[in-house]
Amino acid sequence: MNDPATNADFEQAHKRIRELIDRFEKHAAAYMQPTYQEAEARKDFIDPMFKALGWDVDHEREHNPYEQEVKVERGVTVAKAQKRADYAFHLCPNFRDVRFFVEAKKPSVNLERDADAHFQTIRYGYSAGTPLAVLTDFEQIRVLDCRRRPHPDSVLDQVYKGWRYTDFRDTAKFAEFYWLFSREAHADGSYQRRIEELPKPKGGAKQRGLFKGGYQPVGDSFLEELSEYRETLAKTFKKAEESLDSAALTELVQRTLDRLVFLRFLEDKQIETEIRVTDFGKGKNAWADFQSASRRLDNIYNGIVFKRLPHLDDAGFDVDEDVFGDICERLSAENSPYNFDAIPIHILGSIYERFLGSVIRATDKRAKVEEKPEVRKSGGVYYTPEYIVRYIVAQTVGKQIEGKTPAEIAKLRFADIACGSGSFLLGVYDELLHYHADWYNRPEHAKQAKRDGCVQTEDGTWRLSLAQRRNILQNNIYGVDIDRQAVEVAQLSLFLKLLEDERATSARQYQLDYARDANMKKLLPDLSGNIVCGNSLIGWDIAGMAGLSAEEKLRLNPLDFRDEFPIVMREGGFDAVVGNPPYVLLQDEFRDPTSYDYLKSHYTVASFKLDTYHLFFERAGRVLRANGRLGYITPSNFLTNNHLDGLRRFLLSQVRIERIVVFEGKVFAGAQVDTAIALCINNDLMDYFDMLRVSAKPPVSFDVPAIALKHSDCLERHLALITPPTATGVAALLTAVDERSTPLGELFGVSFGKQLRDREKFPTDVIQVESLSKIPKTHRPCYTGRDVGRYALSWSGLACLRSREAKRGGCWDDAVHGAAPKLITRQIGMVPVFGWDAVGYHCLNTVFMLTPKTASVSAVYVLGLLNSKLLVTYWKNRFYDQRERFPKIKGAYLKQLPIYVPCLTNERDRSRYDHLVVLVEQMLEAKERQTDADEHMAEIAARECTALDRQIDTLVYELYGLTDAEIALVENGT
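Residue numbers (this note's numbering): 70 to 1043.
Check before you lean on any hint, since a few could be wrong.
Stated by the list, open to error - Below, in silico cross-link-like pairs of lysine-lysine (BS3-like), each with a Cα-Cα straight-line distance of 25 Å or less:
1. 843 - 441
2. 242 - 175
3. 876 - 957
4. 779 - 468
5. 230 - 304
6. 304 - 441
Unchecked claim - With beta-carbon atoms standing in for the labels, derived distance ranges:
7. 77 - 395: 17 to 23 Å
8. 96 - 181: 18 to 24 Å
9. 795 - 927: 28 to 34 Å
10. 1023 - 733: 30 to 36 Å
11. 365 - 177: 38 to 44 Å
12. 76 - 771: 29 to 35 Å
13. 309 - 365: 19 to 25 Å
14. 383 - 315: 16 to 22 Å
Since the hints were derived computationally from the structure, they do not count as laboratory data.
Note that the structure is a prediction, hence the values are computed from the model and not measured.
We put the CB at the ideal spot given by N, CA and C, even for glycine.
Kindly generate the complete structure, drawing on both the sequences and the hints.
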């Protein structure tokens, strides 16, 4: 706990709070009267209380509405209509994410028993993902736990702390509050530390996934609910119309849910005050009311959401009103635990991104929901984290608009050509809105703000009007996706963002202006020319090449950018392309011969194994204008994969890499993939680019030292590998080692283990046995990667089918597999470690086998060299692929390892050679003893191994003729 006695800010805050306490206490009878209103309590006590805690409540320090730490809602509640929280607190420079909410009431309200007020406040916090919120009338201060989904019957149990105002005279009690909700507590991390120490929420045993206690966040909770509604509606719609196929059902259900979610969003923002989900069923029936409301809303809002859709808007489409009514009741403002005004738009986007990972499959009579094949194979949908989106957008779009006027920006075009639910498009739109607001709020631009139609707020700041936000969206934002539902959701997300800062009054004023002015447009813009459905990778020239049927054209969904975006392409292309393109390896069920042949012939980066993200790099480069910027997050294997030199050369010489950010750790929760950000600029003016290594562990910081690499240096390397340059001294050392050595591939055969058939389909290809005697004649004992250690090899009881009918790749030569001795190393690892096989077991395709070609050097001798510090250093600086997760050892690189071949007629060489063989044999014996069940024996063996390692390294240095300075480079872990 911070010490209040030594903190001047705390003492000053406590003094001001005591003054407020004295004032309230002196006139408590008057303040507790029902006639003393909430607005008065806020002005007299609640505003000053949070000002005392260091917050700029009155915006005296910051006038830009997009950079104010405290968002204050000055409106009033009408009956139980939903509204924004009275206060939302942010911390500079992150003005997008709420730290906590405060809800105010008048002092005459009995807060302890006001379940509605608790429910409303907790709903704000839960929806926004903030763990705590404050409910106060100043007379009482209640801190509410928002980590658990609120329920009206139990919200009074979600009080974490509570005080009466007089309690804050006590220094210790006020300190509890101060170190949770003061600005200082949020700036120095005290708040976050206290959040991590919170006890588990009461009654939340069944909730999952939030904070360390494991409770379900709003995204997971609402996704579950939407998924349940989808399945229910799919079955209900199929029952209503049996002729509906999979595509039609998917679209109908998606549009229905989009309308309900959008309407709830409009309700909670009080943009729409006349049509409410809760009223569906009070007329004819819930479904008929929904259809009627959709027609009325289409006349007001336009856009794809309420656009008439066959079946959905047909009078004869009779849906079970009880089923639909139940969904509406659960989603209504009165019963739903979600406040859609508080849920960040990007969180809604993440929900939809995962939601789109499944589709509805219809048979003649039934409907069910299934994961898409690519989602099933990858293990799920991985939504791009918000911090990644913001960074990429800032480094691309942010740089393109920097220093420009709104009129100049209006001519720029930004795209995500694999947009999914629109996370990057939202990021681009957000960047543009913030930039415009900041520009207009500079004193020298005040007159221009008025001329351009900005709205001036009560405190004198300028806010973008709905018309301006609308124009920015239509002028600047473009997207493509092959999935029609994704396109719909992307448009929906952008509509929500467009209306994010609107209220009933501003939206209504726009509608009144629309009614008076024939040139005015409906509330929502038509984005059909901005966000389009099509295949970014395949153009219509495929039709002439392959003679496609109508069904194939529908499936492939070709798209020509010149046709879909004629003005953009005529003017040279997009000013920036951003995104997280799909990573789909085009093999097995994802390898369609027609499209595969087209892609191989139309993309210069197409490689041995074709992954869609490789192609998206090239496609993005083609649609960029001169000096346009590209920002993608993808797997990091494009930096070092042997087969991707074409892609690397494209990025190094054509669109020109500006920066590479390699992540250490997992960026995507649950995804086993190493990732990197590639930032490029479409010109040839740069000679150098930056390379950064950034930890993915929160809080993520991109403010780390960068390494400068030269494009031409990378292009001159074998296979154009993009790796950090080797330090001058180390480079000289490696060159010297090469000059004194023979490549391993000239002395040993390097073979990859055998690849068998799909284990799920052919489970007996590889079997587990208890002992060698249990292996059937059809199989052979085999090693896999987990069996291999440094100087160690331990059979784990696997046996593989010998018959070549199971062959799918790798080496199947029995002479190689049966060789004894041979050296074995794992395929996965930062550096190769080599084990000794003296019995000749077969090997699976997770290991490499090294078999002698010549008797000039013994395998034991080579084993010692390969496991030495010197060759580990060599590998790290020459061949390590910079991947933290699943770094790969490649056979081509193993063959290049430098082996010193001694002259055995030379007495010194012979002595060192013989000595090394003896030491390695001792090491192999010690390694066996290290696995001894006797703990003391194992400990002694471990110490012996350490001593032997040191002796082996010394001999290796002597064999390769290293100087003291070169030895120091190796020993210092270079």
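Evaluation of the provided hints:
1. 843 - 441: With Cα atoms ~41 Å apart, residue 843 and residue 441 exceed 25 Å; violated.
2. 242 - 175: holds (23 Å)
3. 876 - 957: holds (22 Å)
4. 779 - 468: This hinted pair holds, its Cα atoms lying about 22 Å apart.
5. 230 - 304: violated (46 Å)
6. 304 - 441: The hint holds at about 19 Å.
7. 77 - 395: 17 to 23 Å: This hint is violated: roughly 58 Å between Cβ atoms.
8. 96 - 181: 18 to 24 Å: Once the Cβ atoms are compared, 22 Å apart, the range 18 to 24 Å for residue 181 and residue 96 holds.
9. 795 - 927: 28 to 34 Å: holds (31 Å)
10. 1023 - 733: 30 to 36 Å: holds (33 Å)
11. 365 - 177: 38 to 44 Å: holds (40 Å)
12. 76 - 771: 29 to 35 Å: holds (32 Å)
13. 309 - 365: 19 to 25 Å: holds (23 Å)
14. 383 - 315: 16 to 22 Å: Since the Cβ atoms of residue 383 and residue 315 sit about 19 Å apart, the hinted range of 16 to 22 Å holds.
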